[in-house]
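Engineer: What follows is each chain in one-letter form.
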Amino acid sequence: MMFYQKEISLNPLNRGFHLITTEILSQFPEIKNISIGQLQVFIKHTSASLTINENADSSVRTDIESHFNKMVPEDMPYYKHNYEGSDDMPAHIKTSILGNSVTIPITKGRLNLGTWQGIYICEHRNYGTSRKLVLTAFGN
Amino acid sequence: MMFYQKEISLNPLNRGFHLITTEILSQFPEIKNISIGQLQVFIKHTSASLTINENADSSVRTDIESHFNKMVPEDMPYYKHNYEGSDDMPAHIKTSILGNSVTIPITKGRLNLGTWQGIYICEHRNYGTSRKLVLTAFGN
Amino acid sequence: MMFYQKEISLNPLNRGFHLITTEILSQFPEIKNISIGQLQVFIKHTSASLTINENADSSVRTDIESHFNKMVPEDMPYYKHNYEGSDDMPAHIKTSILGNSVTIPITKGRLNLGTWQGIYICEHRNYGTSRKLVLTAFGN
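Residue numbers (the numbering used here), protein chains in the order written: chain U, 641 to 780; chain D, 641 to 780; chain R, 641 to 780.
Rather than coming from a laboratory, the hints here were simulated on the basis of the structure.
Please note: incorrect hints may appear among the correct ones.
[What the hints assert, rightly or not] In silico SDA-like pairs for lysine to any residue, Cα to Cα no more than 20 Å straight-line:
hint	chain 1	residue 1	chain 2	residue 2
1	D	K748	R	M641
2	U	K710	R	K710
3	R	K720	D	L659
4	R	K734	U	K748
5	U	K720	R	S698
6	R	K646	D	S675
7	D	K646	U	L753
8	D	K734	R	N709
9	D	K710	R	D728
10	R	K734	D	G754
11	R	K772	R	M641
12	D	K710	D	R750
13	R	K734	D	T702
14	U	K710	R	S706
15	D	K720	U	M711
16	D	K748	R	I648
17	U	K646	R	R750
18	U	K734	D	V712
19	D	K672	R	F643
20	U	K748	D	K772
21	R	K748	U	P713
22	U	K748	U	I671
23	D	K734	D	K646
24	D	K734	U	I671
25	U	K710	R	P713
Model the full assembly from the supplied sequences, consistent with the hints where possible.
Structural biologist: Written as structure tokens, this is what we have:
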């Protein structure tokens, strides 16, 4: 049984959905040592989130951003938490809808993702800062 | 410490929410060997998802489908990714809202679900194809 | 490799979002024995859910409740599952949007949460009952 854990920082990103599969893999080569196991990617923030979605056509990422902006609008009259700006409270709500972590099976030293699946970081603030991730991999 | 992993395929399903608890259990009898642990069910697709919800009254599944169709409508003017049809982009968005995996505690050889909980596959395409799941169970 | 599991009950809570990080930690001191690992908190219900969000300003929790009530309204004409009251079907839908579990990395005997992150239970029924959680922690 192996257990690896690493904390990494991502450079600031624009508001929107961004593919980070390659960056995760390049920063965590220990995954290759695991025959059967799991990788968890966890984000230590409440205004950015993680999800898995299509890794090919970038319009998927643009459209998810557009739809989340409609589904969780800014400046709703019932928002009380708004002293950090119009993008603040929607960022918290989007984070809970999408989630703070993704867990992916590891098979024979590789992430066992579907052909079209990639890991996204979802930056919900207009001016995102560096984001910290905790990567935890374990297995036999 | 035991670690089991298996990839299974589900037959094509109609658009909507479907209970798969029994099928998962019947395809993964190794769960019985685990005294304390976890099962992860992971779906290798970006237009179908997994969730846990009520396992009794089928109207819950129908109503979730109805509401997701309202909350994530087809043919929104801002969708750019639509060359696979009106159900394409909503399927991607619903998948990120619901998520690609569920993880359930294992206790004394059984899934430790609540009385009313069942595992759902959520088929978001009008004409779903066979869907691949990765089942990973581990524990003592 | 250590594996700990415990089932706990939370007292009934008002409808809304509530911080439970302190209660989880006080009921699960075994986390301190784990150097690298994970904690999963799993809720055994289909009308209450778990998420991670801001642990400081309580207006975040109020605003998430307000927005979920707008995004998943009561008494929609297409709801068929309504014999337990207007809050019944929305509770099921909110549970699938937010999810039944959260998994948090453990580092050096502590939950490796961000400064502003806390664990929420989300009670979606008007008159919530006692809620059962399964806590599973494992690692080296």
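Engineer: List in ascending order the numbers of the hints, as given earlier, that are violated by the structure.
Structural biologist: 4, 11, 12, 21, 23 and 24
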